[in-house]
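Asker: So the chains spell out like this:
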Amino acid sequence: MDRRDFVKLTGIGVGGLMLPITGRIVSAAELTQAGMDFAAKKSLATVALNAATSAGASYADARIGRYLNQFITAQEKRVDNIVNTESFGVGVRVIADGTWGFAATSDTSPDGVAKAARQAVAVAKANSKFQTEPVQLAPVTGAGDVQWQTPIQKNALEVPIKEKVDLLMEVNNAALDNGASYITSVLFQVNEQKFFASTDGSYIDQDVHRLWAPFFATAVGEGGFKQRNGLGNPVGMGFEYLEPDPAEQIQVSGANVGYRWAYDMVRDAREAGQQLQAKMKARSVEPGKYDLVLDPHHLMLTIHESVGHPLELDRVLGYEANYAGTSFATLDKWRSGDFQYGSDIVNLVADKTQKHSLGYVEYDDEGVKTKKWDLVRDGVLVNYQAIRDQVHMIDQDESHGCCYSQSWADVQFQRMPNVSLEPNAEADVSADDIISDVENGIYIVGRGSYSIDQQRYNFQFGGQLFYEIKDGKITEQIEDVAYQSNTQEFWNSCVAMAGKSDYRVGGSFFDGKGQPSQVSAVSHGCPTTRFNNVNVINTARKVG
Amino acid sequence: MAILTEQQAKDLLTRALEFSQADECECNLSGSNQGNIRYARNTVTTAGEVSDVTLAVQSSFGKQVGTATINEFDDASLEKVVRRSEELAKLAPENPEFMPILGPQEYGSSPSWVEATANVTPEQRATAAEASIKPSKADDLVAAGYLQDTASFIAIMNSKGLFAYNTWTNVDFTATIRTSDGKGSGWVARDYNDVSKLDTGTASAVAIRKAKGSRDAREMEPGKYTVILEPAASSTLIGNMVNNMGQRQADEGRSFLSRQAKEGETLPEDAPRNRAGEKMFDERVTIFTDPSNPDVPAAPFAGDGAPVGRTVWIDKGVVKTLPNSRYWAQKTGVPYVPTPFAGSGLFSGGLSFVMEGGDKSLEELIAGTRRGVLVTRTWYIRSVDPQSLLYTGLTRDGTFYIEDGEIKFPIKNFRFNESPIVMLNNIEELGAPVRINGSMVPPMKIRDFTFSSLSDAV
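Protein chains in written order, with the working numbering: chain S, 457 to 1000; chain B, 99 to 556.
Because the hints were derived from the structure by calculation, they are not lab data. Hints should not be assumed to be uniformly reliable.
Below, simulated DSS-like cross-link-like pairs (lysine-lysine); rule was C-alpha separation at most 30 Å, straight line [what the hints assert, rightly or not]: (1) Lys235(B) <-> Lys585(S); (2) Lys610(S) <-> Lys188(B); (3) Lys281(B) <-> Lys510(B); (4) Lys789(S) <-> Lys281(B); (5) Lys737(S) <-> Lys360(B); (6) Lys178(B) <-> Lys618(S); (7) Lys295(B) <-> Lys585(S); (8) Lys429(B) <-> Lys161(B); (9) Lys581(S) <-> Lys571(S); (10) Lys998(S) <-> Lys322(B); (11) Lys322(B) <-> Lys281(B); (12) Lys533(S) <-> Lys610(S); (13) Lys789(S) <-> Lys235(B); (14) Lys232(B) <-> Lys585(S); (15) Lys377(B) <-> Lys998(S); (16) Lys178(B) <-> Lys161(B); (17) Lys789(S) <-> Lys828(S); (18) Lys418(B) <-> Lys998(S); (19) Lys498(S) <-> Lys610(S); (20) Lys789(S) <-> Lys510(B); (21) Lys108(B) <-> Lys161(B); (22) Lys232(B) <-> Lys295(B); (23) Lys178(B) <-> Lys571(S); (24) Lys581(S) <-> Lys232(B); (25) Lys618(S) <-> Lys533(S); (26) Lys533(S) <-> Lys161(B); (27) Lys322(B) <-> Lys506(B); (28) Lys377(B) <-> Lys458(B); (29) Lys188(B) <-> Lys618(S); (30) Lys108(B) <-> Lys258(B); (31) Lys414(B) <-> Lys998(S); (32) Lys745(S) <-> Lys510(B); (33) Lys618(S) <-> Lys161(B); (34) Lys429(B) <-> Lys533(S); (35) Lys789(S) <-> Lys310(B); (36) Lys926(S) <-> Lys745(S); (37) Lys322(B) <-> Lys745(S).
Please read these numbers as outputs of a predicted model, since none were measured by experiment.
Produce the entire structure from the sequences given, and follow the hints as far as they go.
Answerer: Below, the structure written as structure tokens:
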């Protein structure tokens, strides 16, 4: 998905039945009913594991998944859609004759699950004829019986629909009353209840919650139209994220408000309306070299594209060559031990344990306990993202714990953990402090258009809001800004960053990878950061 | 189970509708069997088969609408899903844009189902992958690819007596073949309704030739170039344009087809305010959809059961028709213009369109070019400005410099910033359309195509 295709969902009427994921739609009450208990899942999973090993598997894992979602879409003053979905089934993955096999079924009877396990072994054996690289798994100690839940205060699925509809209506009205002509607001609520069992002796039950409340506002006027999207972040939190808290807001002088762990969606919509009007009158940027100050809600996507993806080991090795591509960050660069990915103040970490983040879980989807590790330290490339069957290729013997599958019906594979830029450790400087040192620059807020080549060298990014910086101060909103750079050049032009008080975590709710494509949700934290002498182009174009 | 016959679908939907107590009820039953195989580094990495059927029930009381779906089909489950949709309808706020369901309709036929494609076996997939891997390996190249075959059906029935049914098949193949030193890369894509048209070995030979030919690419300055865009290089840009032609977006002022008021003019509130009727493109540009087209057949009805025939969207450069909803058609006093059902789901494909072209092959277009750039495909295409329909993206897997009718040498990939509106005004020549990604697109020679920077990616 494409992650960007979710917008399609927002355009549907009652006649255009488009379900965001495979699954049956259920009532709100059913969404919060208790599922199977631990013992029942353990027993069912054991059937799968035994069937697989009896059929000749040297390793097997089973994932029993119940995936619940609710989506509410509101356009202007009407609710377009309220959709509840549920999907339940079992996926079994095995190694037989040194080859992976996978099968999934929605028939969750012991016979159905055993059949799927045998089918997975049959697939593995059939494909082993073409196998030239037998699977090598990094060792994992069985976790025994484990239960874990995303730390949430208020389960979004338990909040009455009326309360959520009222919030979206208030958001839409705030935008429309302040300068927007149109607005679509959406509330995505995801709950993954997944039980993992493996022949290593792990029985791990996890209850994962995620939430995202984006909006898309448009102003129409003389000479055309402008768009401004919401600045909220997708999070691994409950409905408490949508309860405004001034302590979680960061005001940048002369510009926007940034949101940390609480989002005031109504305030953001109001400001979107006002900023849209300013965009309609804003002057077009003069192309050239500028010092850029990038707001976390913008920079997080630059990190995602220029650091997260190129350091996925499967891409580096060529497993994604036919789809997303390969990577410039080749093994020889990493092995050299001195590949300068960024300037020496750049520290990029992978982390599956960051609280409130989208990627936060206790164990990954192959039973590996999650952790935090360095990707780039003091500017130098030090590691990749790898899972159990990959780490031996980089001479390591411990999986990084970043294996994920979007549902019980899809096979798990390496997915991006949260990848974040560490804040300034020496001084807790603010975004205003960073801006105050810039003579001639542009402050960019929000994720806009983004495009990067298949080896992650050349990129072009836009944004939602652009502010001119002159002599240390924000002067006015400008328009038609996009910057082009090369990943290594860009990160080596990083000269300053704000401290931990400014650090915010954004993310992507629908990151796409693999064939058939699977989505995954991933967060990226960073402070407001400065990059010098970056090439800015003007994107305005006159057409017929 | 996944592919129900017309009679089986009719029986199941009739049983479901019998449970309805709503003012109106519409049921939508769809399913598919999908098989796939994926390979990389000259070895098969994953393979699988997925089968699924879903029933969606939409009930309405007045202007309140609720929808529920299920994938179990015993009587108790059917009653449950109908009741659920009715409960949701009663909870939903009134939708002022609600339109009553349609009555019975007549449909044309579509040659969209090919039995051979529905019967592809895991062994066939493995053989197809081998036909791509083997020659690559023999040439010291590295192959990665993906083959997916799908058989699908859809049936719609409602309480006013409408019944629609269609089945279709597809096979999609892509391969990226790279030199073992990583300095060259070639790519090929093929898609058909009929799997017997697919020869992965012949297709892979194209990618192999491009991989070997693209080694040691030279740098050229970014700027405006005459380009020959293979169909895969332009299909996404044109598809994006076609998918942005909605009448409502245009009338509301937020589309490239919005009509701006002239000085002193006031545009009416309840009538179309768009550029239909204006010549916006080169007169060689004609784009239509046609469910009965033998090359790109589709369901002869829309998602709401409205019949769909041949519709010309752009005729000899003139914007002819804009798709709309029944609500918007009624509000603005124009005919309802539905588009063919393109599959349900968030990741469903866009519209299958046909762009007319000429008779020449790609090779003939190259032979008639004094200086230009041949682009195999474009990638990571993103909207930069929806008003001018400006997109950015990159060339990939085979970009070559043409001089005096011949490919002279491979060149480094470019980033482009270009609008399909500009592109379709700068046509030098169109070749014979070929199928790509579900649509028919000609290779095209375009002048002044804007490349804005260089990429080191291979």
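Asker: Could you grab the alpha-carbon distance between Lys232(B) and Lys295(B) and see if it respects the 30 Å cut-off?
Answerer: holds (20 Å)
Asker: Given the hinted pair Lys108(B) and Lys161(B), is their Cα-Cα distance within 30 Å?
Answerer: holds (27 Å)
Asker: For the pair supplied as a hint, Lys295(B) and Lys585(S), is the alpha-carbon distance within the 30 Å limit?
Answerer: Measuring from Cα to Cα gives roughly 26 Å; hence the hint holds.
Asker: For the pair supplied as a hint, Lys610(S) and Lys188(B), confirm whether the alpha-carbon distance does not exceed 30 Å.
Answerer: holds (26 Å)
Asker: Hey, Lys418(B) versus Lys998(S), does the alpha-carbon distance stay inside 30 Å?
Answerer: Holds - the C-alpha atoms of Lys998(S) and Lys418(B) are around 22 Å apart, at most 30 Å.
Asker: Within a Cα-Cα threshold of 30 Å, do Lys178(B) and Lys571(S) meet the stated pairing?
Answerer: The given pair, whose Cα atoms are some 29 Å apart, holds under the 30 Å limit.
Asker: Given the hinted pair Lys322(B) and Lys281(B), is their Cα-Cα distance within 30 Å?
Answerer: holds (26 Å)
Asker: For the pair we were handed, Lys533(S) and Lys610(S), check the Cα-Cα distance against 30 Å.
Answerer: Holds, because 27 Å separates the two Cα atoms, which is no more than 30 Å.
Asker: Is the Cα-Cα distance between Lys789(S) and Lys281(B) 30 Å or less?
Answerer: Distance ~16 Å between Lys789(S) and Lys281(B) Cα, so the pair holds.
Asker: Tell me if the straight-line CA distance from Lys789(S) to Lys828(S) falls inside 30 Å.
Answerer: holds (22 Å)
Asker: Assess, step by step, whether the Cα of Lys498(S) is no farther than 30 Å from the Cα of Lys610(S), and give holds or violated.
Answerer: holds (28 Å)
Asker: Is the Cα-Cα distance between Lys789(S) and Lys310(B) 30 Å or less?
Answerer: Holds, because 25 Å separates the two Cα atoms, which is no more than 30 Å.
The structure is consistent with each of the numbered hints, conforming to all of them.
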